[in-house]
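Read top to bottom, the protein sequences are chains A and B. Note that my numbering gives residue 80 to position 80 of the first sequence, counting from 1, and the numbers run on in steps of one. Note that my numbering gives residue 33 to position 33 of the second sequence, counting from 1, and the numbers run on in steps of one.
Do not take every clue at face value.
As the list claims (entries may be wrong) - To list a few chain B residues with every Cβ distance to chain A over 12 Å, as calculated:
#1 Ser53
#2 Asp76
#3 Asp90
#4 Ser210
#5 Arg387
#6 Tyr434
#7 Val471
#8 Asp533
#9 Ser600
#10 Gly743
Claimed, not checked - DEER-style ranges, computed between Cβ atoms:
#11 Lys2/A x Lys6/B: 54 to 64 Å
#12 Ile94/B x Pro19/A: 24 to 34 Å
#13 Glu422/B x Ser155/A: 22 to 32 Å
#14 Arg20/A x Arg445/B: 50 to 60 Å
#15 Glu130/A x Gln784/B: 32 to 42 Å
#16 Asp440/B x Pro19/A: 51 to 61 Å
#17 Ser53/B x Thr42/A: 26 to 36 Å
#18 Glu18/A x Thr89/B: 53 to 63 Å
#19 Thr7/A x Asp440/B: 51 to 61 Å
#20 Thr7/A x Gly235/B: 49 to 59 Å
If you are wondering where the hints come from, they were derived from the structure by calculation, not from laboratory data. Remember, predicted model here, so these are calculated numbers, not experimental data. All C-beta atoms, glycine included, are put in the ideal place defined by N, C-alpha and C.
As a plain string of letters, each chain reads:
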Amino acid sequence: MKRISVTVNGVRHEADVEPRTLLVHFIREQLELTGTNVGCDTSSCGACTILMNGQSAKSCTVLAVQADGAEVTTVEGLASNGDWHPVQKAFHEQHGLQCGFCTPGMMMAAVGYLDENPSPTEDEVRLALEGNLCRCTGYHNIVKAVLAAADDMGS
Amino acid sequence: MATAEKYVGGGVPRKEDPKLITGQGQFLEGLTLPGMLHAALLRSPHGSARITSVDVSAAAAAEGVVAAYSGADLADEWAAGLPMAWPVTDDIRIPDHWPVAQDVARYVGDAVAVVVATSRNAALDAAELVEVDYDVLDAVVDVEAAVADGAPRVHESFDDNKSYTWALTNGEVDEAFAKADVVVKERYTQPRLIPNAMEPRAVVAQPVPSTGDFTVWSTTQIPHVAKVLFALTLGIPESQIRVIAPSDVGGGFGSKLNVYAEEALCIALARRLGKPVKWVAGRSEGYLATIHGRDQVQEIEIAATSDGDILGYRVHILAAMGAYLQLVAPGVPLLGAFLYCGCYGGEAYHFECTGVFTNTTPTDAYRGAGRPEATYAIERAIDSLAREVGVDPAEIRRRNFLPAGDMVQSPGGLAFDSADYEPALDRALELLDYDGFRSDQAERREGGGSRQIGVGFSSYVEICGLAPSQVLASLKYAAGGWDAATVRMLPTGKAEVVTGSSPHGQGHVTSWSQIAADALGIPYEDVTVLHGDTHVAPHGMNTYGSRSLAVAGVAVHNACDRVVDKARGLAAHLLEVAPEDLEYEAGTFSVKGVPDRTKSMPELAFAAWTAHSLPEDSEPGLEASCVYDPPNFTFPFGTHVAVVEVDTETGAVDLVRYIAVDDCGPVINPVIVDGQVHGGVAQGIAAALYEEATYAEDGTLETSSMVNYLVPSAAEFPSFETDRTVTPSTSNPMGVKGIGEAGTIGSAPAVINAIVDALSHLGVTDVPMPASPERVWRAIQSAQGGEA
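In isolation and in its complexed conformation, chain A is listed as follows (with noise of 0.2 Å):
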């Protein structure tokens, strides 16, 4: 077991893990934040994905122990004092989601992303979200809100 300290939406958790530990299973089992999913074995679906250090990064590719002293943030500490991010609005005024799974891995690639290039093409948009699949949407209405929170955000 080894001991970290890290920072999860805001509120600072000091945990044993074991070094194999994979910090998107600490995120759900030890810290019990079941919003950021699991979707495949491979780093391949991005369902995991979370900001760390302002970053998106698929939480499935990181121990839980290179965390330690990191900020991370998932899907549930996207909304600040009960808003919604724009990203969430746009979600869900384009329809970009039908089950549901990909979605809180989808987000936090588009807010990081966002962070980075604020005003983006659509074209780079799908670049963007390259390793994040969906299976429900055919990626029309993700990218469509992307690109509408970005004009939500710059305004």
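Could you slot chain B onto chain A? The hints should help.
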């Protein structure tokens, strides 16, 4: 019933979303129960192997392990094998299918042992300690190889690998072919596909040992059907099983329309150990243990006049069943059988399908189930006919469309409701600017560059609703085609809608709320939709085959009508008038000619609850139920158009435009309908361009994870252009048809036809799916007489 349509037809944002976008989705992997144990399965690494011994002792002794069992250890748990509910012929061969193999493992992934431990990791680690001795046998993975003489047999107890042969003949087929000027004959392969619902499957079974009751949570599309089949498989009285599909199930596409080994196994283990048992699939494990789709070889012949008027059709199919028969697998090709004549006329049709065992993961219904295959064959073959007779591909479709009308007889054998195929084609051509496209194409060809463009059409009609029960009986489907709803006004004026369909992304909560809010005249926000729990919604036939709106949604609509009827009697009683003296609009009854004498639905709900003053023949409460069994299927249709740019030097295909004009009748929520089209189209495009599950000869699944099975991302798609025509179905009072699968059914042939069109000047007439750059390049080389 007078209804002001305030919500129906509007793009109301979904009620499902708030929890899903804030991380509060209730997916099954997050469920933990006190004392819960975790199961992990050891699966056969061989395509075909006799199990000579299974030693679980080391696994059983491992830390955290509670129990470990072989298939033989569990043999007495089963009252019956895993169920198959669609024995399509009287002489179909149905093999025993045990949740854990007992003597022979017949595909890579067939379970051979199970370990139960206090944590998932402990169970997974210990499963590796199970020692199995195998006598490896020859495997057969290819559907044509499996029917060849001397092929290894998947099931020794059968003479060969054929499960069944089902045939259908309408009209004088030989005569039609004899008088034809032209016969085109094509052969197509439908690649094996992995459905890839984003949420992997999971199950939790919780026993109450003192009573023998079980609660089973499963990531299923079919909680009600599963309840019946769990009872039969496990020998547990149905009344003692409660099945819950969690309020959030992460996609299905048919892959959760089944009764799986792991579900039966968790119940059996919970019964044996007296504790809750959970199993969650890893993605790669799911690739082995969750049904695949398609995997057919098709031969289609079309007989026509020299003008391209179709006279007849002949179709022969080999359909891979995999190693066992899953829930409805034998019937999947039959869902296509009636659609190989597409939306076209003709005099005669012969169809024959043989279901074939192979040493592969079982196949079953994957989005569209039989209908994408049929549509692909006819929509590709009609392009071949167009080339053969020198008619434009849009024109040959128009020329052969069945006449517009209701209950139009197809040579395929069914009569299609709401047929009106030309307007959808016209609209698609208009959106495309067909003439403009052809002149751009000619310019490119003249330019002679390596990037050539092509357009492909697909005019489809499909069967959905999966009803009525009597027709399903004639096809030997072992379940009904009805669905159920209860609509209940609560004393505070809110309403509960209890539905028998079980959503997993389709937005039923939203759409059913729209229907009920309009019918009952209450705010959309005041409707709650309950689903997926057999204790809450005791009756249902569940969600598959694009049936939810056309069957379960209509049940909601009818139940609302009945609530309004009952409310009318109560309103008349309270207002001291005859029921026929009342007008009803938007939730308010008013006395004709005296518009200020009214009773609103919430007032009536409260009065029905207090029951202080009711009509003589009336009982307290204001609720009604409907079990709706439609008189016919519904037949959505449309025309899809793909525009591609193909690099003739590399074979790379860029999908430039995708236009979908669909007709699913009146629309409850256009935003949701568009979303269904987008997702369906994407899965069809994925099949056309990217996805294919392949096996090595020994039965190893080569595309064993998301790393080597290419599920496309946003970067692989353009935005889609969607439009609709609206031709109401006459099969139900709402006029609605399904839309869940239409996109997948229409899209793959449009894309391949577009690629062939782009390369037609080079002599290319066919490119197999998925049209990888290599395949496209080889098709070009082969057409040019070069090395391919």
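A quick look at each hint next to the structure:
no., hint, result
1, Ser53, "holds, 30 Å"
2, Asp76, "holds, 34 Å"
3, Asp90, "holds, 38 Å"
4, Ser210, "holds, 30 Å"
5, Arg387, "holds, 30 Å"
6, Tyr434, "holds, 23 Å"
7, Val471, "holds, 30 Å"
8, Asp533, "holds, 18 Å"
9, Ser600, "holds, 31 Å"
10, Gly743, "violated, 8 Å"
11, Lys2/A x Lys6/B: 54 to 64 Å, "holds, 58 Å"
12, Ile94/B x Pro19/A: 24 to 34 Å, "violated, 50 Å"
13, Glu422/B x Ser155/A: 22 to 32 Å, "violated, 45 Å"
14, Arg20/A x Arg445/B: 50 to 60 Å, "holds, 59 Å"
15, Glu130/A x Gln784/B: 32 to 42 Å, "holds, 34 Å"
16, Asp440/B x Pro19/A: 51 to 61 Å, "holds, 60 Å"
17, Ser53/B x Thr42/A: 26 to 36 Å, "holds, 33 Å"
18, Glu18/A x Thr89/B: 53 to 63 Å, "holds, 55 Å"
19, Thr7/A x Asp440/B: 51 to 61 Å, "holds, 56 Å"
20, Thr7/A x Gly235/B: 49 to 59 Å, "holds, 53 Å"
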